Every structure is written in structure tokens, then in C-alpha cells.
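Sequences and hints are given; from them, build the entire structure.
Each chain, written out:
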Amino acid sequence: MTGDKRGVFTPAGRCEMNNRKGIKRILAIRGMGAAITAFAGLIVIYVAFGILNPKVFSGQNILNLLRSMSKYLLIGIGQSYVMITGNIDLSIGSVVGMSAMLTATLMTLGVPPLVAMLISLCCGLMIGVINGFLVGKFRLPPFIATLGTMFVARGIGYMVNGNRNTDNIGIKLGKEVGDRFQDFFYYGKTAGIYNTFWIALVIFIALFFLLSKTRTGRHIYAIGSNVDAARLSGVDVVATTIKTYLVSAFCSVVVGFILCAQAGMGNMEAGNTYEMYAVAAGVIGGVSPLGGSGLLLGTFAGAAVWQTLENGLNMVGAQVGIQRIVIGVIVVFAVLADAVLRTGNGLKKSK
Amino acid sequence: MENEILRFSRVTYEKDSVVYLRDFELDIQKGEIMGLIPLNAYGLEEFLELLKSNDPLYYGYVYYNGKKVNSWQDMHRAPNKITVIGSENSLVMGQSVVSNIFVLREGFGQYIIRNSLLEDQLRPFLQDIGEDIDPGSRVEELSAYERVLVEILRAVIAGNRLIVLRELGTFIAENEMGRLYEVVRHYSKRGIAFLFISGHLEEISSLCSRAAVMSGGRILNIISSDKLAGSIWDALYQEHSDYAGQGAGRPGRALSEKEVLEIRDLKLALGARLTVTVRKGEYLVIRPLDNRVFDDLISAIFGDYKPADSRFYIEGDKTVLCRDRRVALLREHPEENMLFEELSYLDNLLFTVDHRIPSVWGRSGVARSVRQELSGLLGEEVFGKSIRELTQKEKIELIYGRILLQKPDLVLCAMPFKDEDFSMRLLLKELQEMLLARGISIVNITMNVADSAPLADRIIEIAAICN
Chain A
20 MTGDKRGVFT PAGRCEMNNR KGIKRILAIR GMGAAITAFA GLIVIYVAFG ILNPKVFSGQ
80 NILNLLRSMS KYLLIGIGQS YVMITGNIDL SIGSVVGMSA MLTATLMTLG VPPLVAMLIS
140 LCCGLMIGVI NGFLVGKFRL PPFIATLGTM FVARGIGYMV NGNRNTDNIG IKLGKEVGDR
200 FQDFFYYGKT AGIYNTFWIA LVIFIALFFL LSKTRTGRHI YAIGSNVDAA RLSGVDVVAT
260 TIKTYLVSAF CSVVVGFILC AQAGMGNMEA GNTYEMYAVA AGVIGGVSPL GGSGLLLGTF
320 AGAAVWQTLE NGLNMVGAQV GIQRIVIGVI VVFAVLADAV LRTGNGLKKS K
Chain B
-17 MENEILRFSR VTYEKDSVVY LRDFELDIQK GEIMGLIPLN AYGLEEFLEL LKSNDPLYYG
43 YVYYNGKKVN SWQDMHRAPN KITVIGSENS LVMGQSVVSN IFVLREGFGQ YIIRNSLLED
103 QLRPFLQDIG EDIDPGSRVE ELSAYERVLV EILRAVIAGN RLIVLRELGT FIAENEMGRL
163 YEVVRHYSKR GIAFLFISGH LEEISSLCSR AAVMSGGRIL NIISSDKLAG SIWDALYQEH
223 SDYAGQGAGR PGRALSEKEV LEIRDLKLAL GARLTVTVRK GEYLVIRPLD NRVFDDLISA
283 IFGDYKPADS RFYIEGDKTV LCRDRRVALL REHPEENMLF EELSYLDNLL FTVDHRIPSV
343 WGRSGVARSV RQELSGLLGE EVFGKSIREL TQKEKIELIY GRILLQKPDL VLCAMPFKDE
403 DFSMRLLLKE LQEMLLARGI SIVNITMNVA DSAPLADRII EIAAICN
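These protein sequence lines map, in sequence, to chains A and B.
Quick note: the first sequence uses my numbering, first residue 20, plus one each step.
Quick note: the second sequence uses my numbering, first residue -17, plus one each step.
It should be emphasised that the hints constitute simulated quantities derived from the structure, not laboratory data.
Note that this is a predicted model, so its numbers are computed, not measured.
Worth double-checking, as some hints may not be accurate.
Interface residues of chain B toward chain A, partial, derived using beta-carbon atoms under 8 angstroms [stated by the list, open to error]:
#1 L311
#2 E323
#3 E324
Every residue gets a Cβ at the ideal spot worked out from N, C-alpha and C, and that includes glycine.
Below is the structure:
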């Protein structure tokens, strides 16, 4: 017996009903469909590359994949926060570079890593506050405002060490301190997985909670959906916009630490074009560039898709040019899908 | 037939498999000012769309200016030269009056634009109707009344034989409406026909020679001017009048002495000033008599700009209205402006409740209990719909449901009845009465008091001091 038409009598029937309701409820969450699609795409891509080259399935490759995607995940989270409010942050890559250069320069001058990181963090957050004020308070177009801060942050990154890359970060602090910093952010492992991934995961969980379970999170979505209605409903649009740019700056600074640890030095070109990778991670995962919708879960999938594509195309020996074309096409299709879903264009048959 | 400007003959029109107009019959003669009273909004947008663009018909014929322009058999259709003028004006902001009238229209042949020449061409038209508008001024500098005039002039100069005027009374002040009627009569004597759409009998009867009553996508009746105030008319309006009459004057309604809002010396355009207090549970209508004063007041209240010396006090505390959850603000057409389409129904409903229940977004139990509590009022099925799928009625109920949960002391709304049909106006009145019954004060800022007067405890009119 499996229950009557309404399917409520037997435990089996009830269970089936509840499952169906649960799935429906999950799918009803706005952006969840796109996130699930991105995860499904990720599996397909991964398996396809694995068939072409079985080394893709090796444990070490998976670990490397997780570590490499962490950078894209972090900047993707930052950009997603900003994009959900309907804005964009072009300064991400430059803040990454500035953070890497500042941290490395200070460490080469003998400043303890923690202090160097704190100073870099403060500078990065300052850029976030400036972005937030320019966009939220003075209503500058976010593209222009963050384009300006992009150049400023990159300029600071160049200037801190006199327009050249830094020496090894352990040159004054000693090899042991330098190695510890590098292990903490890049080369070390915890429970068999690189620390980089754990760091990204902790930040992801905290920011996922902030976005989905708090008042601030709901205000961020509301601003992206209808900024005037949000303002009239009591949302402090300026403060909320600043918060999103602060999140973006924070994530960028952390990625700067990771790049600094990876190279063991400060590279002036660190983080170049990362802002675009961040946009790509977000939109592949279903974060709408028009604002108002998207889940960080999708950004997770988007970052993973991006990294798996890069990794897989490398492993099958595809040229860099091919890699870029494939990724570009996927990004365009993701945004197109968002536009079609929003407007219903193309879904209706014209008479 | 030779005097006929427009005829809809047995028109049935469907879009996306929904029939919007059925056996629609309407004719307008040359120089006639025809009224159209929509008892509900069903099919009205589609009628206006069809009027302009001649979309394919399911059945019937449309004649304009003596020619068959659309029929269910025809394949080749071109848009009609008909202008529809309503609250959403079609002028291009940032451009001058002459540019809008002459340059930005089909068929303007000159490549090099000589503004002075165009201004000289426009002046006789302005003198003809006795209006003094600077032809070189940008349209955003004009009042709503002047913009309507510019749109009428543009239609006249473009050679349109029919102009549709839609719910002008909702955004043009009463004294300006009188002047506008004169302009309309002036052009009707010159053979231009007008279709005047309004839900208010007094506006129709003061201007139109005949009026068509529309409901559910059909013309129910066409009444001539001598019968406008007659028995047929009364019957049609019985339900609405009965309802409106219930609250007229609100005799004996005891109001609390407690003041919830005080506006101190708010300086507005044209030298107007406003100082007023609102008591708990009071329904106050504020009616600016000039459009620029109205725009200024709306901007000040909705925080579009911050007047240097304005003072808003809620229960004695100085406040910024849009940041104070003791106040709910409703712009005009809130169903279009006050919802978050990307958020769920429940998120929209709970959006302004987090000052009372800070954990509302983290605990699903809160949302569940609210859903249970309000499903009786709002219906269960709406919770599963996205905002885009809601009907206008469901959207309005959602907005007022949100206010109920917010429990503000005061609701400030701008023209809540604007452009709404009879059934929606009745619904809005019921919802506003529900708020009043819960002790929530309402301040309604409007140009047209016809719908709000029966609910009002007080009506304040703001006059311009200088021009």
C-alpha cells in the first residue's frame, strides 16, 4: 500500500510526499536552480576530462584543484556580494595585488607577518569603504568608481617597493618565519587537504550565513532587487553598499596573502584581471549581474567550474587560447541564461 | 461615416490565448470628446495598445479616419497616428519643448536643426491656446500640466486626428484641469477627437458629450451627455456610491489626542509651506493645489531630497521618515514600485518586520507561523508564487499585509487610488479602513480627493503663494 491519491496514509507514501515537498522547496529558492545546474555542469566537465585523461581523477590533482579554486572562490564571493546589490567591483584584482605587495614588502622589512597582514587588511578595507561611499553615498556608477580605485590600488602596489617585485619574504624575518607563513596560506595541509581550501571554506561558510540568514543579507538582496523600495522600507542603502564592498575588499586581501605565500614574495602583477575571474565565477554560478538574485553556493560551483576547466584543458594539452575561448563562451551563456530567465524572452513563441 | 474618426466594430482581441476584448463596439466622431469609464481595468491596456499598433485581431474591424486600418482578415497593418497621454509622459527628458514637438517625431525632414526657426513655428500654436510656455525650456522644467499641453501640441502638429487622455485628474491640479478642458474644447472645435478615460463621473460629465462604460473587455453601454446624470448612470454607480457614502465625513469618529506625526514648517515650491500634526488613527488627506508643490512635497516626504530646514517628528522625535519603521511609506502604484521581484513572497511579506523580530531571517519557525497566521487573509496559494506571477490584487494585498506585520504608527501614501479601476479602488478602501481600525494613521497626499474624501477625517489643501 502506497497511500491514496493524496499520498498521505502509509509511511512510505508520506516519506515520498515529504521528499517531493523538500525538493520543491529547495528548488523554489531563487538562484538554487542555477547553482544546481552549475554543480551538474561541474560533474559533467570533470568526468569528461577524466575520461580524456585519467590523471584528472588522481588524489593529488583533486587536492591541487581544491587549492587553486580557493582563490577564485574567495574573489568570487566578494564579487557576488557586490553583484547581488546590482553593482560591480573592478578593484578586486588590484586590491589582491596591493595586499600581496604590501604584506611582502613589510615582511621583507622585518615586520612580523601578523602585523604586516593587519596593515594590508586595513589598507584593503579602506579601498572597500571608499568604493562603498562613492557608489552608495555619491551614487557614482560602480563601473567608474571602482575603475578609479582599481588604478589607485594597483599604483599603491607598485609604489610600496619602489616599482619592483620584493625579495623573499623571509629575508629579514628568517626562513622559518617565511616558511610558516607560506605553509599557513598555501603549502601546508590540515586533515590531508591544503590549508588554502580550509581558509576559503571557513570564509565561505561565514559569508554564506551572513548573506542567507541575517538581516544584512536580506537587505543586500533587496537593494539589488529594488533599491528605491528598499530605501523606503528603512534599509540604509549607503551602509549596506559599503558592507558589500568591505566583504569584497576583505576577500581580495586574503587572496593577496595566498598569492604572497604561493610565490614567497610580492609580485607587482599579482591579481591581474582577477576582477574578471570573480565576475565569471559569480555568473557561472547563477549570480545575476543585474542584481537581486544569486547564491554563494552557485559561486562555489562557478569557481569550481572555472578551475576544473583550466585544469582539465591543461591536462588534455589544450592551448591557452582555447581555454580562454571556452571559458568566455560559458560566461556569455550563463549571463544570457540569466537574462532569458528574467525577461522570459525566447521562452514564448512569437505569434 | 464621413465624420467618423474611429470605429471598433465587433472586435475580439486575444493575446497569449487570453481574450481581452470581446465584441468591442466603439465609435468616435470628428471633433467629439468621448468619455470612457472603465469599471475594471480588464482589457483597457490591450485596447490602448490595439488602438495605437493595430495588432492582429481574432475577429472584427477597426476604422480610423475613414479607412479600414485593421481587420481579422488583413495581414498588412501599420500603426495609427493616435497619441495616448497619461501620467507616464512620452516626452524625452533633457530635450527642449521644440525638440520634443518637432524633431523627435516621425517625418521630421530637416537635417540641420534651427532652434530659433522651430521656436517661431511653435509660438502661434501656444498663442492659439493662450498658454505661455518657453519653447526653449527643457521638458523636465515644466509642470505636469505643461507637459500634457506639450504632448497635445505634439499630437496636433503631427496631424493626429484622435488624442486619448487617460486619468489626467490624478496628477493635474483642479484649477489646471479647468484650463486643460478649455484647450481640449478648442481643438475639438477644429475637428480633433478626444477619448477621455477616467473613473470619475464628475470629470466625464464636465467635459464629454458621450461616455462609454467598459467592463471585462466589453463596452456595456454608451450614454449621451443629457443622460450622464440619469438613472442608468446611477444604477451603474450604485455599489460604488453606496460604499463611498458609508464613510462620508466619518461623523462622530473619536480620534485619540495622541500625535503621531508632526511636520514643522516644510518649505515647498512656489512659496508654499506646510505645518501639520497627525493624530493616532486619523485619516488625513493633503492636497496640493499646484503640481510643482505636489512634486516637492512628495520628494521631501519620500526622501528624494533633504530640505534644508524641514522637520519631521514622530511621537515627538525628530526623524528621517524613510528610515523609521514607525512609518510605512507607499509610493504611487506600490504594486510596481514597492515589491522585490527577486525575493520570495514570504521574504517580501516579512521584509519590514525585522525591527520587531530580529531573528526572522534565521529561524524558519517565525516565517512558518506568520504564514499560518496570514494565509487566512492572503490565501495559501500565493505563498508558492513568485512576485512576477501575482495578480495586481495579490500584490496590493501583499503590500498591505507587510504593513500589518510592520505595525507602524503611520502610513504615508502618495495617490493610492491613481489609475485604479473601481474594483481595485474598493479593495484599497477596505484595506485602508482595516489599517484605520487598527489605530494606524494614514496620510494620503493626492491631487484628486474623490476617492479619499469619504475616508478622510481632515483634508488640507496647500496653495502656492507665488508663481
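Each hint tested on the structure:
1. L311: With a minimum Cβ separation of about 4 angstroms from chain A (threshold 8 angstroms), the hint on L311(B) holds.
2. E323: holds (6 angstroms)
3. E324: Holds: closest Cβ of chain A sits about 3 angstroms from E324(B), inside 8 angstroms.
Of the numbered hints stated above, none is contradicted by the structure.
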